[in-house]
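K.L.:
The lines below spell out each chain.
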Amino acid sequence: MIKEFIANYDNILSAFSETLIMLGISVGVGIILGLVIGISISITGSSGLGPNKVVHQILGLGVNITRSIPFILLAIVLIPFTRFVIGRAFGTYAASIPLTIIATALFARFTEQSLSEVNPNIIKSGEVMGASKFQIMFHFMLKEAISSLALGFTSGIISVVSYSTVMGILGGGGIGDFAIYHGYTSNNRTLMFVVIIMMVIFVSVIQITGNIISNQLDKSRK
Amino acid sequence: MIKIKGLSKSFIGNTLEKMVLTDISLNIDKGKITGIIGPSGVGKSTILNIISGLSKPNSGEVRVNGTDIIRLDKKALRQFRKDIGVVFQDYNLLSNLTVFKNVSLPLKLKGVNKEQIVKETNRVLKYVNLLDESNSFPSQLSGGMRQRVAIARAIIHQPKLLLLDEITSSLDQNTSKVIIDLLKRINQELNITILIVSHDLTTIKKLCDTVYVLDEGTIRACYELNLMDENLPFDYKRELGISS
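As they're listed, the protein sequences go chains A and B.
Here the first sequence is numbered in this note's numbering, starting from 49 and rising by one per residue.
Here the second sequence is numbered in this note's numbering, starting from 69 and rising by one per residue.
These are computed hints drawn from the structure, not numbers from a lab.
Because the structure is a prediction, the values reported are computed rather than measured.
Among the hints, a few may not be true.
[Claimed, not checked] Pair by pair, the computed Cβ-Cβ distance ranges are:
(1) B:Glu183 to A:Ile217: 56 to 64 Å
(2) A:Ile80 to B:Lys176: 50 to 58 Å
(3) A:Ile260 to B:Lys252: 24 to 32 Å
(4) A:Tyr57 to B:Glu183: 54 to 62 Å
(5) B:Leu84 to A:Gly98: 25 to 33 Å
(6) B:Gln184 to A:Leu121: 31 to 39 Å
(7) A:Ile117 to B:Arg191: 54 to 62 Å
[Claimed, not checked] Taking beta-carbon pairs under 10 Å as the criterion, some of the chain A residues facing chain B (in silico):
(8) Arg136
(9) Asn167
(10) Glu175
The beta-carbon is built from N, C-alpha and C at its ideal position, and this holds for glycine as well.
So here's chain A without its partners, still in its complex pose:
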């Protein structure tokens, strides 16, 4: 196995860097958009700070539909959109577009769930201090939800890692595609397992880092 790893070191490194590019773009943009959409869903809910049934349902439906479509089909359906956004539909950067869309949906749902767990009395105390809705969201709700958000986003990032492995369909490359192409279809099972072990380590590092960050942020326990 180590021999196989050393022999393919350059190719593995290149594939891994493609994975990191796809993850960097999709997670970075996805977290920002997901936070905005998740906060909007939370605010517009029936018990939210500014209930708005139409906006709430449209955003919720959008998130649900995005998450319901099998990802490989979503990537194909989004080809015209991807071409419109970056001028081409294939390659690592093109593959980042559908990944960003699914990441946004995932992070939006995690944001909404974390905010829904905030003790309603905390919101009440913000209201009696004369805080605006914006202040209640940013000075109270997000601060109370931050540890839960960190855990949710960790799960979201791991899901995006998983989705990125099939981006070979758009010529996105990446470590998953490398394992399928150079390992499974080339009948090099050893190489495939090398990559699987690398992925296990990679995901474990993300999860452990997420847990540490979440614990650091959570001050509710002694």
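Got chain A sorted already, so can you dock chain B onto it with the hints?
P.N.:
Chain B only, in chain A's frame:
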């Protein structure tokens, strides 16, 4: 300072409408400590929620310095709330913020500059004897300390009125005494009018100038502190476990 007149409030349950407050009228005098005592579930907290604008009554008026706060629009209500301080039964402190950051929140929301925030927060923390705990988190404090943090947060913006909901219900006798002494000082030294709701007769007796007895959503009686013990309605005494 506060005149409540004909206040009624109901909540709609699964099928039935339940009256929580019926035709409540009471006065809270400026500079005094007024208490509302009654068993659990009779609508004490609902009165506080209405005065602080968290809940709207079905009918009646709540006049604070002549202004009916029930009819205030959202902007005016937010402005009004900056002149009151509220301490909730379960403190409602932000668990991920330090004591300092919790206490300074009202000033931050008001847009006070950083230098002033540090100065004022330290002053109030010193006043409630918690300066040494500035960097602690609420989870690292005892119940009594958390209560003092909540009180510090409620008075840092120098409100005219302080509303307190069952503030000693989860505290032992000694800690309750510390809180009661602190509230007396706040009332006398900072000239803040206080309204407290509680089911705890001891707290009410030690703290209040005037006491209203609330039962089944209506005011049964109003007493001055020194007359109260003998004149409490019999049923209410039994509810509190006081021998008649």
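K.L.:
Each hint needs a verdict: does it hold in this structure or not?
P.N.:
Each hint, compared with the structure:
Taking 56 to 64 Å as the suggested C-beta distance range, the pair Glu183 of chain B and Ile217 of chain A conforms, at roughly 58 Å. For the pair Ile80 of chain A and Lys176 of chain B, the beta carbons lie near 24 Å from each other, so the given range of 50 to 58 Å is not met. A beta carbon spacing of about 46 Å between Ile260 of chain A and Lys252 of chain B contradicts the range 24 to 32 Å that was offered as a hint. Remark: the range hint 54 to 62 Å for Tyr57 of chain A to Glu183 of chain B is upheld by a beta-carbon distance near 56 Å.
Separation of Leu84 of chain B from Gly98 of chain A is about 30 Å and conforms to the stated range, judged on CB atoms against 25 to 33 Å. A C-beta distance of roughly 58 Å is found between Gln184 of chain B and Leu121 of chain A, which places it outside the suggested range of 31 to 39 Å. The hinted range of 54 to 62 Å is satisfied by Ile117 of chain A and Arg191 of chain B, whose Cβ atoms lie roughly 58 Å apart. At about 44 Å, the closest approach between the beta carbon of Arg136 of chain A and any beta carbon in chain B exceeds 10 Å, and the interface hint on this residue is violated.
Hint on Asn167 of chain A holds. Least Cβ distance to chain B is approximately 8 Å, under the 10 Å limit. Taking 10 Å as the C-beta cut-off, the interface hint given for Glu175 of chain A holds, the closest approach to chain B being about 6 Å.
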